[in-house]
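Number of protein chains: 2
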Amino acid sequence: MNPLLEIFSQGEEITRGQIADTNAAWLSQQAVQIGFTVTRHTAVGDKLDDLVALLQEIAQRADCCLCTGGLGPTSDDLTAEAVAKAFDLPLVFDAIAFMQMKQFFANRNRTMPESNTKQALLPKGAQRLDNSLGTAPGFALKYQRCWFAFMPGVPSEMRQMYLEKILPSLPNRFDLHPERLVTLKTIGLGESVIQERIAAVVIPSEVQLGFRAAEDVQIKLLFPFAYPETAIRHLVDEIAEQLGDCVFAIDGLGEETGDLVATIDKLMTQGRHTLAVLETASQGLLAAKCIGTEWLLSASYEQSLIRVKGKFSIADTSDDLTIIAKTIAWQLQQQQNVDFALVQLYGEDRVTLLDKDKSIVVHSLMLAGDQYYHAVHTISGTVQRKQKQAALMSLDALRRCFFNPDR
Amino acid sequence: MNPLLEIFSQGEEITRGQIADTNAAWLSQQAVQIGFTVTRHTAVGDKLDDLVALLQEIAQRADCCLCTGGLGPTSDDLTAEAVAKAFDLPLVFDAIAFMQMKQFFANRNRTMPESNTKQALLPKGAQRLDNSLGTAPGFALKYQRCWFAFMPGVPSEMRQMYLEKILPSLPNRFDLHPERLVTLKTIGLGESVIQERIAAVVIPSEVQLGFRAAEDVQIKLLFPFAYPETAIRHLVDEIAEQLGDCVFAIDGLGEETGDLVATIDKLMTQGRHTLAVLETASQGLLAAKCIGTEWLLSASYEQSLIRVKGKFSIADTSDDLTIIAKTIAWQLQQQQNVDFALVQLYGEDRVTLLDKDKSIVVHSLMLAGDQYYHAVHTISGTVQRKQKQAALMSLDALRRCFFNPDR
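Residue numbers (the numbering used here), protein chains in the order written: chain L, 551 to 957; chain Z, 551 to 957.
The reader is advised that the hints may include incorrect statements.
Which copy is meant is left open, so a pair is good if it fits within one copy or across any two.
Below, simulated PhoX-like cross-link-like pairs (lysine-lysine); rule was C-alpha separation at most 25 Å, straight line [said to hold, decoys possible]:
hint	residue 1	residue 2
1	K938	K816
2	K715	K816
3	K861	K876
4	K859	K692
5	K715	K674
6	K715	K692
7	K876	K770
8	K597	K770
9	K906	K816
10	K938	K859
11	K876	K938
12	K597	K668
13	K652	K908
14	K770	K938
15	K652	K906
16	K770	K668
17	K859	K770
18	K770	K715
19	K715	K906
20	K938	K674
21	K715	K908
22	K635	K668
23	K652	K597
Derived by calculation from the structure, the hints in this document are not laboratory data.
Extracted from the complex, chain L is given alone in its bound form:
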């Protein structure tokens, strides 16, 4: 069994919600990667009693605890004091920590304020963790079951301290057998449909199956330490087959992938393609998501179908969206001097677009060279949701045209 690890964050700015606890997320990823099971994150504010009680709880519950925040010079920085009280240790003056802090200020031609002195007080017996970026030293100590490491709350200082001073020592302290995570990233299917399709695949009981639905839906497979590579590949292939071309990327098989745009970027760059886009429902968001890529040369947005028709000289009486989209795609390809053109249209009026209880039907038409690919999606929800989904679905049409042209 993996050693159990908890994350503990101190700071009113977290409990009051002024910032999200990104330190906890980063440290957890690091810990999972090397073979810990992260069981809990806890954040508390600046109340000494809360801190003391929490440290005592964790000391009995976890094998390792990574802690951030509360090491600063001000009166609401209580970590060392809380540790001293919780574990019944006196605070002792660390002369080396004090000298390092003096040096930090001297290097910046500043005198160290009196209040910083308290940062040199560490619980007796704790190992000092030097801070190469700021003033607050961290420290580490074992109490009861748990080895605690205390780091600053400033993300850059925390990360540096973790990577330099803590990570290298963890394999010696703990018996680590990292699990292997494989993530299949899909687009175009809901979570429950995916589950139904996957139901046909036998997943060994030692493999954990999970889902995460954000913009894409991710299927996560967690394999135990030293699970045979061929068995991993076989299971991933079986699942990918059930989901067909809805899978746009797979993480954890060696190659690092990214989001949908990263997948498209690879295809477009390899083929040296160029693209022009007309957006409607996604209103610029599709173009915005392609920031940093080389192949999107031109994009435009028009608020209404009437304006679209006017711009591309299409008769007002024309109302077949597929034909209109094909006409526009062809014009874009010529006018913008690109080989790929992507046109997004919907036929509903603006009231429907803005009404969260009504849906719109979005047509995404790709013209790739002389091949067309056409996709139709019904999208509901707030106008913001419609915008995001329309951008994603049209981008996905761009991806799929590489595999499924229909003439």
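Please arrange chain Z on chain L, whose structure you already have, making use of the hints.
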């Protein structure tokens, strides 16, 4: 004393660090605003025993607990089961929840998968919280000292449920004495410049001053419960005066404001104006941010200045960006049949745009009727940061043209 509130999040994607717990931050902000003291955030994964133990702890420690996640249809969604076990309540079938879920799928012309049925099982005696955006209903119940509300983990669904179903009931359940928060939202000045300007204003010791730098820079003033209204107004006016037209909105004086686009929306809608845009560095993001507004009729993006010149028939030799932008704005106004036109240009090459160590100089030119307003900003950082800042600065030029036209 304020009632004590805890935040509880369920999900391996949080404990494993795949996402930061932004739900916890958002809910904490909401709770603090209305007069709770938030004492603790806890996140646990998909282990039933951990969930049960935690719910029992919180029931003794807090007056209110806002919970997110674990309400989905899959086997790792354990919240209802954990509540049933922790508080010794049977799960009962909620026919109304079931019907709503059926309707959700029917509205989308889909059959409800079998697996969703489990979402209609709620702990006996719990109050159902309808989910107007997704399938999972939430629920609320009191156990021992604590009133628990369970919401979905999807942020949009969670927020809607909190605002519609939970927030309105809290003042009846708890004795709340909220502090009063006033937020001045500014754009165009850095945090340290703002601090220097504000230094001239005397801030009473019982008023807490804070800053938050995100897209805009916000100055936050926290007044104790029942602080005199005239004293609040006086202090806010004094600070606003120091910051001039960099302040685009003030929250907490009665009227709800929104972001920069909301401020612009008001001005544009009142004047019945219409707008056409040409974007370059912001690549569609400016248009995307205006989603849902009536006045943005047309927007376009071109990757390079050469393409821009080609599109608007401007001589290749022409290189004064101000003159080019004026020419384009005038053309947009005519071609697109709008009274306002906004043109964004930068002169650097693409390598500079993509280099995080180099900066670009972005020109934002507004033509409002026959009045021009011109703003120039130097923007540095990653291409993503340049994109965001360019969108904001050009939008701010649109706002400022209402106050400072220059001919």
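Comparing the hints with the structure gives:
no.	hint	in the structure
1	K938 - K816	both (22 Å within a copy, 24 Å between copies)
2	K715 - K816	neither (28 Å within a copy, 45 Å between copies)
3	K861 - K876	both (15 Å within a copy, 22 Å between copies)
4	K859 - K692	neither (66 Å within a copy, 58 Å between copies)
5	K715 - K674	within (19 Å within a copy, 51 Å between copies)
6	K715 - K692	within (16 Å within a copy, 45 Å between copies)
7	K876 - K770	neither (38 Å within a copy, 52 Å between copies)
8	K597 - K770	between (39 Å within a copy, 17 Å between copies)
9	K906 - K816	between (35 Å within a copy, 22 Å between copies)
10	K938 - K859	within (24 Å within a copy, 31 Å between copies)
11	K876 - K938	within (23 Å within a copy, 33 Å between copies)
12	K597 - K668	within (18 Å within a copy, 40 Å between copies)
13	K652 - K908	between (54 Å within a copy, 17 Å between copies)
14	K770 - K938	within (23 Å within a copy, 31 Å between copies)
15	K652 - K906	between (50 Å within a copy, 18 Å between copies)
16	K770 - K668	between (44 Å within a copy, 22 Å between copies)
17	K859 - K770	neither (45 Å within a copy, 48 Å between copies)
18	K770 - K715	neither (28 Å within a copy, 33 Å between copies)
19	K715 - K906	between (45 Å within a copy, 18 Å between copies)
20	K938 - K674	neither (48 Å within a copy, 38 Å between copies)
21	K715 - K908	between (48 Å within a copy, 22 Å between copies)
22	K635 - K668	within (16 Å within a copy, 46 Å between copies)
23	K652 - K597	neither (29 Å within a copy, 47 Å between copies)
Of the numbered hints stated above, those contradicted by the structure are hints 2, 4, 7, 17, 18, 20, 23, listed in ascending order.
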